[in-house]
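A.B. asks: Listed below, chain by chain, are the residues.
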Amino acid sequence: MSTAIAEREVALVDLVDRLLAGGVVLAGEITLSVADVDLVYVSLRALISSVPTAEQGALPRMGSAL
Amino acid sequence: MIELYAIAQRPGPPLPDIAPLRELACGELGAICGTAAEESEITEDALWRHERIVEAVMETRDLLPVRYGTRFAGDEQAVDVVAARSGTLKAALERVRGAVELSFRVRAREPDVSIDVHASLQPLARESMTRPAPDEGELLRAAYLVERDRVPEVRDEVARLQHEHPELSLLLTGPWPPYSFVER
Numbered sequence: 001m002s003t004a005i006a007e008r009e010v011a012l013v014d015l016v017d018r019l020l021a022g023g024v025v026l027a028g029e030i031t032l033s034v035a036d037v038d039l040v041y042v043s044l045r046a047l048i049s050s051v052p053t054a055e056q057g058a059l060p061r062m063g064s065a066l
Numbered sequence: 001m002i003e004l005y006a007i008a009q010r011p012g013p014p015l016p017d018i019a020p021l022r023e024l025a026c027g028e029l030g031a032i033c034g035t036a037a038e039e040s041e042i043t044e045d046a047l048w049r050h051e052r053i054v055e056a057v058m059e060t061r062d063l064l065p066v067r068y069g070t071r072f073a074g075d076e077q078a079v080d081v082v083a084a085r086s087g088t089l090k091a092a093l094e095r096v097r098g099a100v101e102l103s104f105r106v107r108a109r110e111p112d113v114s115i116d117v118h119a120s121l122q123p124l125a126r127e128s129m130t131r132p133a134p135d136e137g138e139l140l141r142a143a144y145l146v147e148r149d150r151v152p153e154v155r156d157e158v159a160r161l162q163h164e165h166p167e168l169s170l171l172l173t174g175p176w177p178p179y180s181f182v183e184r
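If you read the sequences in order, they're chains P and B. According to this note's numbering, the first sequence holds residues 1 to 66 in order. According to this note's numbering, the second sequence holds residues 1 to 184 in order.
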C-alpha cells in the first residue's frame with residue numbers, strides 16, 4: 001500500500017466524522033439514510049484496524065492534497 | 001435538485017472552477033451549490049469529491065460547511081431556508097472567521113498510558129472540542145479551531161509531542177473546513 005493511499009484511508013475516519021456528523025444542518029432534504037452511515041462506519045473500522053502502520057508517526061497533510 | 005456545499009459572506013471572490021458551482025444570493029449570505037448527483041449513496045469517492053469542493057472554496061473565503069447530503073428541489077427553496085436563518089448563520093460565520101479546523105486523534109501504544117496531550121494543544125487553538133467517548137483504544141479524539149496562520153505551530157507542537165511520547169500514536173489531519181464548530 002502506498003503512503004498516499006494509507007494516509008487517505010486514515011483520514012477517511014476524520015472525513016466521515018465531519019461530513020456526516022458535522023456542518024450546518026439546514027432544513028433541506030438529507031437524502032442519506034442512517035443505515036448507510038452505519039455501513040460506512042463499519043467498513044471504516046475494518047479499514048483502520050488493517051492499517052496500523054500508517055498511524056505511526058505520520059502527520060498527513062489531508063484533504064485535497066491527497 | 002441542487003446540493004449545498006457551504007454558506008459564505010457575500011460578495012466574495014469568484015468561485016473555484018473545480019466543479020460547476022453557483023452562488024445563490026441570500027441577502028448578505030451566499031449559498032454555494034451545484035447540481036445534485038443522481039445517486040444518493042454514500043461512497044468514499046463521493047465524500048472526497050464533496051470535501052475537495054468545500055476546501056477549494058475555503059482557500060479564498062471563510063465559510064460554514066453544510067452537512068453532507070443537504071439537497072433542495074430548487075434555488076428558491078434553498079434561498080428561503082438560508083434567509084430565514086441568516087442571523088444565526090452570520091453569527092456562526094463570525095465565530096469561525098479566519099480559522100480552520102484540525103483533527104487530532106491519540107492512541108496508546110502501551111497499556112495504562114495516561115498523558116494529557118490535549119492540554120498542550122488547547123492553548124494554540126481559538127476553540128476546541130473533544131469527543132466524549134472515543135473509540136476503543138483511543139485516548140483522545142479532538143477538533144481544534146485554529147487561526148489559519150497558526151496551523152504550522154500546531155503541526156510543530158504535535159511533532160514535538162510525538163517525539164517526547166513515543167508510547168503514544170498521534171495523528172493530526174487538516175486543515176479541514178470548520179465542520180465541528182458550526183453549532184453550539
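Please keep in mind that the hints were generated in silico from the structure rather than gathered at the bench. Where hints are given, some of them may not hold.
Rough simulated footprint, nothing fancy, chain P against chain B, three-plus residues with beta-carbon under 8 Å [as the list claims (entries may be wrong)]:
id : segment
1  : 56–69
2  : 116–127
3  : 144–157
Heads up, incomplete: computed chain B residues facing chain P, CB under 7 Å, no partners named [what the hints assert, rightly or not]:
id : residue
4  : 26
5  : 35
6  : 103
7  : 163
8  : 179
9  : 182
For every residue, glycine included, the Cβ atom is placed at its ideal position computed from N, Cα and C.
A.B. asks: Each hint should be assessed against the structure and marked as holding or not.
C.D. replies: Structure-based check of each hint:
{"no.": "1", "hint": "56–69", "result": "holds (count 7)"}
{"no.": "2", "hint": "116–127", "result": "violated (count 0)"}
{"no.": "3", "hint": "144–157", "result": "violated (count 1)"}
{"no.": "4", "hint": "26", "result": "11 Å, violated"}
{"no.": "5", "hint": "35", "result": "14 Å, violated"}
{"no.": "6", "hint": "103", "result": "4 Å, holds"}
{"no.": "7", "hint": "163", "result": "9 Å, violated"}
{"no.": "8", "hint": "179", "result": "3 Å, holds"}
{"no.": "9", "hint": "182", "result": "5 Å, holds"}
In terms of the numbered hints stated before, the structure departs from hints 2, 3, 4, 5, 7, listed from lowest to highest.
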